[in-house]
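**Q** Residue numbers (our numbering), protein chains in the order written: chain U, 1 to 306; chain G, 1001 to 1305; chain Z, 2001 to 2306.
Note that these hints are calculated values from the structure, not bench results. Predicted, not measured: the structure shown is a model, and the values here were computed from it. All residues carry an ideal CB built from backbone N, CA and C; glycine is no exception. Among these hints, one or two may not hold up.
[As the list claims (entries may be wrong)] Rough simulated footprint, nothing fancy, chain G against chain Z, three-plus residues with beta-carbon under 8 Å:
# : stretch
1 : 2242 to 2254
2 : 2263 to 2274
[As the list claims (entries may be wrong)] Listed next, the in silico DSBU-like pairs over lysine-lysine satisfying Cα-Cα at most 30 Å (straight line):
# : chain 1 : residue 1 : chain 2 : residue 2
3 : Z       : Lys2034   : U       : Lys123
4 : U       : Lys123    : Z       : Lys2026
5 : Z       : Lys2176   : Z       : Lys2026
6 : G       : Lys1037   : U       : Lys123
7 : G       : Lys1193   : G       : Lys1212
8 : G       : Lys1204   : G       : Lys1193
[To be verified] With beta-carbon atoms standing in for the labels, derived distance ranges:
#  : chain 1 : residue 1 : chain 2 : residue 2 : range
9  : U       : Leu154    : G       : Phe1055   : 27 to 37 Å
10 : Z       : Ser2013   : G       : Leu1215   : 26 to 36 Å
11 : U       : Pro214    : Z       : Leu2048   : 16 to 26 Å
One letter stands for each residue in the lines below.
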Amino acid sequence: MIAYFARRSAYMALILILSSIAIFYSLRFAPGDPTGTSLNPLTIASVRQHIRHELGLDRPVYRQYFDYVGNVFQGDLGHSLVTGASIGELLKTHGKNSLILGFTALALSYLIAVPLGVLAAVKRNSWLDQLSMGGAVLGMGIPNFWLALLLVWLFSLQLGWLPSAGCCSVSQLILPAVVLAAEGTAVTMRMVRASMLEQLNQEFVRTLRAKGLPEWQIVGRHVLRNALIPVISLTGLRLGWIVGYTLIVETIFQRPGVGFLRVDSVLRRDYPVAQFFALLLVFFVVSANWLAEIGYGLANPRIRRA
Amino acid sequence: MSAYPEERVAWEQQVERLRQERPTPLRDAWYLLSRNKLALVGSLLALFFALVGLFAPMLEPHSPARQDLFNTFERPFHSWHHVLGTDQLGRDVFSRLLEGIRISMGVGLLTTLAVLVVGTVAGMVAGYYRGWIDTVINGFVEMVWGFPLILVAVIIAGAIGPGLTAVIAAVAFINWAGFARIVRGEVLALREKEFVAGARALGKGDVEIMVKHLLPNVIGSALVMGSYYVAVAIIVEAGLSFIGLGAQPPTASLGQMVADGRNYLQLDHWIATVPGITIVLVVLSLNLLGDGLRDVLDPRLKRER
Amino acid sequence: MREGETVALVGESGCGKTMTALSILKLVPDPPAKITGGEILLAGRDVLRIDEREMRSLRGDRVAMVFQEPLTSLDPVFTVGDQLVEVVLAHRGTSEVEARALALEVLNEVQMPSAERRLKAYPHELSCGLRQRVMIAMALILDPMLLIADEPTTALDVTIQAQILDLIRVEQERRKLAVLLITHNLAVVRQIAERVAVMYAGEIVEAAPTDEIFENPRHPYTQGLLRSTPTLDEQREYLVDIPGRVPDLRLPPPACLFAPRCSFALARCWQQQPQLADDSAGHLLRCWNPQQFAAIERTEAYDAER
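Work the whole structure out from these sequences, hints included.
**A** Encoded structure:
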């Protein structure tokens, strides 16, 4: 167990370091910089040069990198080159919004996927099974931006039940969370069903029946526990994809969140914001995967007590 | 010593007949495929879209980028000139749709094909040789595998500028790991089996073993994953184009078209719904194809082993 | 079967021994199999008429079963102790503490070293032999009247095999337990069975007390089985086999199922199905043309023929 833990942690650290370097460099790789997008295009070259020097943009890239890392560890996350706002502040407000959205979506997807997946497996080939699996295939197929448009059209424009954009009330959370949860729910549901079916075919189920245990105990206690173990590793992946899709969903629903910042800052070449939040998201994804792997190791006694 | 009554003769004839009716793998595949009608439909649809994408330039009645500001917002099915109507700039929706399908299928299929090859080779090499090569390759796989494609695409778009290239690069960067992972796992299991040791004992070279023995067993899973991954690539490309980081106007990516039409949902909805439904159909068909492939290849694989 | 009697059910792989055993507990997997008729009498009652609820109370309590592969037959995510306790809790309304005490007691009885510690172990942490002891403990914990052991030693080393067989014999004497032992290993049968039933292609073809079967087998199949077991005190050149293969039951022979492979088949054997008849002193036989068994001369002739 310790070895497993150590190995995964080493990977995590390695990825983070490499990613930070990659992100840092890649942003400065492309032509153009903030002075191009945020200043008046008629600014004289010498003034532009002066501003570049002020912002430290004319120094060698690796120096900029180390300075940046140093600053981050001292708590100075920098400022937006475009708006001047403190990134720390941005993190607090936008980060909170994204976290709420993300976790709501995650919770929603598991609350729906696990029970449905289990029921679909237990009542295999019943109408419930066909319907859920059909829904799952559809959920995997509809791109979330289109689903968003569809739901907005239905619930906002036609029925007027829910708002179509903005933040931060509960009613404004519903549509984005549903859209964000859709794909994950579909995939998780299929996985749960497949895992349950596999476990139901295992030999130990026969032993349990021979012991005279009631069926609900066999399925609910034994089969479910075994079946959910691989699903735990999946959670890391799910979280990662939710992070990814947040970029799109927040942009569509105009929620001021981390994803929206990311997209926006890339389009405006706002280096500090872009790189910080890129790194933050990468960190989040890697941690989620790491936690999922640790969780898997804890849940599976064969690894826990190797 | 033993008797040979007619009952025995009759029985032995029946057994012989039963034995000769043994089904071939091809019949098995056909049987399975025909039972799963949905997968069949999906496969045909996917094929259809691929062909459409391939021949799009020849099928387009107009240039997708041609604007006709006197003819904006024409409704679909009103004239043969613009079968699916025009958008807010007077561009022919049908032509743009074809172009969009071409882009989606092109990006999806080609990149995934390349990635499949790279990933499968990497997985086989890693699983077969083990040792340091496995550690290196697997290290990369583990690092890259959990990343959401969209995030990477946005980051790359930040680096090299928005556009299809960013999407392609992101797909190339991330998706190979999925193939490598699966293939490596299968090779690890397969190499323990006797036929590998047997082949080695016969003096066959490593490459020959990998190509002739391991590859056929592994290609099935790779293809199943491949169809799902094409769908994923298409969704990501569409999504990215939608928020403006993918294909840039006037290129008619399906995602771009939906973005264009998003403001006109109340009255002129077809600008967004036509490409939207098309994306759904394309992705759905690919998913169904993947499911169908899995059903066909799985039991056969199990029997072959 | 009589109380306290050990009966062995012998036959090739796939001849239906496991299915027969599962039928006693009505554990036949449906689909793909189904019980269509007949009767199974347990302490005077026809099992096939008992409803599922009552069956469940019988399983594990009055009739218990032990399977071949202890690793896959035990739930990997629950401890040994948990799995023992749950049988008790399912059938008796005792408290958990009492159940645990009972578990410890039965583990000691099956001679599990460091039983106290093992209660907290997971199945994968024990060796094969110990796991099988756990299975036996689990079966005996509620003091059943019948123990069905489906190839309990096939997956074990020869030395462990002897220990497990000993254990079964000891327990049987102590608890007046009836044991139905399913195996394809004739040596095992010789060691602990009092009566033997030989199965072929789903039918019992011969049944008799153990000594009788080994000294005076009448059915050609039984004779073939005995002859094909190599022993150390014979001089052989070739291994003896029974020519042919088990019939495909989609198209069984029209009368006696063994006829195609029998060297003594008469015309009658192809025309009329032999029934199981009691010829004398508890020796059941299903054959139209039983033969006298002469082991040694036959084998020399066999060698000469080859």
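**Q** Each hint: holds or not?
**A** Against the structure, the hints:
no., hint, result
1, 2242 to 2254, "holds (count 5)"
2, 2263 to 2274, "holds (count 8)"
3, Z:Lys2034 <-> U:Lys123, "holds (19 Å)"
4, U:Lys123 <-> Z:Lys2026, "holds (21 Å)"
5, Z:Lys2176 <-> Z:Lys2026, "holds (24 Å)"
6, G:Lys1037 <-> U:Lys123, "holds (22 Å)"
7, G:Lys1193 <-> G:Lys1212, "holds (15 Å)"
8, G:Lys1204 <-> G:Lys1193, "holds (16 Å)"
9, U:Leu154 <-> G:Phe1055: 27 to 37 Å, "holds (36 Å)"
10, Z:Ser2013 <-> G:Leu1215: 26 to 36 Å, "holds (34 Å)"
11, U:Pro214 <-> Z:Leu2048: 16 to 26 Å, "holds (21 Å)"
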